[in-house]
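K.L.:
Residue-level listing of the chains:
Protein chains: 2
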Amino acid sequence: MRQSQLFTKTAKEPPKDEFSFNAQILIRAGFIDKLFAGVYTILPLGFKVLKKIENIIREEINNIGGQEIYMPALHPIANYKKTGRDKIDVLYYTKLKNGSELVLGQSHEEIIVPLMQKFILSYKDLPKMVYQFQTKFRNELRAKSGILRGREFSMKDLYSFHKNEEDLNEYYKMAQKAYFKIFKRCGLLDLTYLTYASGGTFSKFSHEYQTITEAGEDLIYICDKCEIAINKKIIKEQSACPFCQNKKLREAKAIEVGNIFKLGNRFSHPFGFQYTAEDGSKKDVVMGCYGIGLGRTMGAITEVHHDKNGIIWPEEVAPFVASLLKIKSKNAMPAGRQEKVKNIDKISDKIYTDLQDNGVEVLYDDRDVSVGEKFADADLIGCPYRIVVSAKTLMKNCVEVKRRGSDKEELININEIINKISNY
Amino acid sequence: MRQSQLFTKTAKEPPKDEFSFNAQILIRAGFIDKLFAGVYTILPLGFKVLKKIENIIREEINNIGGQEIYMPALHPIANYKKTGRDKIDVLYYTKLKNGSELVLGQSHEEIIVPLMQKFILSYKDLPKMVYQFQTKFRNELRAKSGILRGREFSMKDLYSFHKNEEDLNEYYKMAQKAYFKIFKRCGLLDLTYLTYASGGTFSKFSHEYQTITEAGEDLIYICDKCEIAINKKIIKEQSACPFCQNKKLREAKAIEVGNIFKLGNRFSHPFGFQYTAEDGSKKDVVMGCYGIGLGRTMGAITEVHHDKNGIIWPEEVAPFVASLLKIKSKNAMPAGRQEKVKNIDKISDKIYTDLQDNGVEVLYDDRDVSVGEKFADADLIGCPYRIVVSAKTLMKNCVEVKRRGSDKEELININEIINKISNY
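Those protein sequence lines, which keep their order, are chains A and B. The first sequence: position 96 = 96 (the numbering used here), numbered continuously. Plus 1000 on top of the position in the second sequence (first one is 1) and you've got the numbering used here.
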């Protein structure tokens, strides 16, 4: 994309009413815009990142048998009365013209259970795994963590349906592996721990995926022997790892980037969602649920991957693979360079087109702004590679390539750029 | 996809509380599920269709310079007070915990104007075109037209921003062409007319894209000379075409599948959204807006493309290109056929894998159900091609291929299927 066409602009300062680092830097770089606390518009650069995160999740969830659907955001309150969640803290309430009371979906158990009840009748119909990407509405009293805790946010929610606990446990393990693959591809694996948290009625533990960062709202204790963590909410500070009895637990602040629950019959039972078993008896369907917030994942990536100049996107979730900077210095220069400057537009345009034709996504800074502004914006936006075309590099028939976050610049012959960038 | 894995099932009868043909057939075939009147869950088959419609629209809108974003559904009512739309008929109202009043987005002018106001300062920043796919919430008193008029539905809304009316007019023409491309690719072009409708304060006319079908809620008059139509709301029954004075207008019921408006400064003015012109003066930004409902487009396609047995999907929006039916007849058969039956699982699986490996999307009916049920479901679901593998076809080393909606069946050698299907 030509940066001259992009409607957003970067800002030197974050808005004064934004206190979280993730939202500050994403707003400054033009990835998101704040409508009000906890509610953000996703701008073109942010949209590209979220779509990449979404597609990574989609691939990995499809790989473990997920079938994608799209459920409504308007929910009849009657469904919530069945599960006793009609007065939970985070609901938004609204009404149809005919007076029917509705809530906005804060999760979708109350919708997917009566839906699946229409199709799952027998043990032959199990197991089934169904997911969606859909907006969740949560009426948080305070929303001070930027896109880490929104009052409206996109989430992937997967629900699994099983004959019994054994079958759920087997799938639950597959989901755990898929989640690690997702966080690996999002560049979060090294700092993300499977974390034991409070389990509810059916299971002793639920599991969170906690990414270590100072911005985290949660406190976890990491057992480096088991390579797992325990949420502070379920452990005393001085106690040992419940699995290996290791007493040297490491405390850290962390962001919950995903969570998975064994629901058992917590939601199937209130709806009378049963199947006919092999022996003809009726049994409650056993459920699991598996969530990942998209905006929260994007926010966690910025908290973890940045330096003082801006974001450093992991390659698979970067808005573009490379920033291509056309530098037309206005300083006095030797005659040879002046000759090169004449062709710089044509050569830069050709490099841009060639890269795109070869499947390399490029943000082409063709703007008529200062050299300093181009370099600063490339660092702030944070694409993995910066390619500079200037009279100086063209004197050697080269461009200058730098990995974002590294100090090393490399001159590469303009005929070899495609090959180099594609194989970095 | 293996149909044995698909969690939905077809139904012989539509639900009793569903009166519109589009929803009846989409529910029977397992594309959508009704949560309550005007609010539907999109099931896996429907999801595939909607994603294809979405991607067609995305491609064509990107081609006319659209930049994709994603705006929130929760809107501060304060923004609506500025434009005087805080009491319009279709709003849902809700509240934050701190008492702040919100409405659910029924359209996004009140959000995109203050957003663009942050980035568009000068004539140099214009024109800009920005769009999204986002849920719209409209509190309709009645919702009896299935997915043609939802109380919650996905829509593509594009907004364009210009220096003056001339520039808007130029872009408006490009958008008109893009819309016809979209409806062509969705299989609706032949029955869709650019229709003149009421224009509001800024412009004499707005334009609707009306698709002729008996299920339509609108009445239009078609001028076959100009190849346009006029909405009944702005014309007297007996009057002539306002462009060529042709008096032989053809009356038809139609569905509004898209609409485009010249908004002028209707929304920019209340927000004081101005730009600095070439001469240094401040001028109101001139706007256009352009909508297409995704579910409504899917519904219109089913109203237009079906027979008594089911839907007939146009190829570019079909959930799968082909249904592959494995037929294991249990009837008595000659010895040669019995031999073939032994290999039918293996051969069918191979055809399925080969088709997929060659980029042909296939719904593989590998279920253990009757032959009649397989044929009926294939017709009901309505993929463009039906490929039958049976002992009878395998005797000739062939499969039987039929175009949905045609009577002609063709025997094709199993080594030539890929080639044939890819080049149909």
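Hints were generated in silico from the structure; no laboratory data involved. It should be emphasised that the depicted structure is a prediction, and the values quoted were computed from it without experimental measurement. Each hint should be verified, as a subset may be incorrect.
[To be verified] Facing chain B, a subset of chain A residues (Cβ under 8 angstroms, in silico):
(1) Phe7
(2) Thr8
(3) Lys9
(4) Thr41
(5) Ile64
(6) Gln67
(7) Pro72
(8) Ala73
(9) Asn139
(10) Arg151
[As the list claims (entries may be wrong)] Straight-line alpha carbon distances no greater than 30 angstroms define the calculated DSSO-like cross-link-like pairs of lysine-lysine that follow:
(11) A/Lys87 <-> B/Lys1097
(12) A/Lys144 <-> B/Lys1081
(13) B/Lys1097 <-> A/Lys34
(14) B/Lys1012 <-> A/Lys16
(15) A/Lys97 <-> B/Lys1095
(16) A/Lys124 <-> B/Lys1012
(17) A/Lys9 <-> A/Lys408
(18) B/Lys1136 <-> A/Lys144
(19) B/Lys1081 <-> A/Lys82
No residue lacks a Cβ here, since even glycine has one placed at the ideal position from N, Cα and C.
K.L.:
Each of the hints needs a verdict: does it hold here or not?
P.N.:
Outcome of the hint check:
no.	hint	in the structure
1	Phe7	holds (5 angstroms)
2	Thr8	holds (6 angstroms)
3	Lys9	holds (6 angstroms)
4	Thr41	holds (5 angstroms)
5	Ile64	violated (12 angstroms)
6	Gln67	holds (5 angstroms)
7	Pro72	holds (5 angstroms)
8	Ala73	holds (6 angstroms)
9	Asn139	holds (5 angstroms)
10	Arg151	holds (7 angstroms)
11	A/Lys87 <-> B/Lys1097	holds (13 angstroms)
12	A/Lys144 <-> B/Lys1081	holds (27 angstroms)
13	B/Lys1097 <-> A/Lys34	holds (19 angstroms)
14	B/Lys1012 <-> A/Lys16	violated (60 angstroms)
15	A/Lys97 <-> B/Lys1095	holds (17 angstroms)
16	A/Lys124 <-> B/Lys1012	holds (21 angstroms)
17	A/Lys9 <-> A/Lys408	holds (28 angstroms)
18	B/Lys1136 <-> A/Lys144	holds (27 angstroms)
19	B/Lys1081 <-> A/Lys82	violated (38 angstroms)
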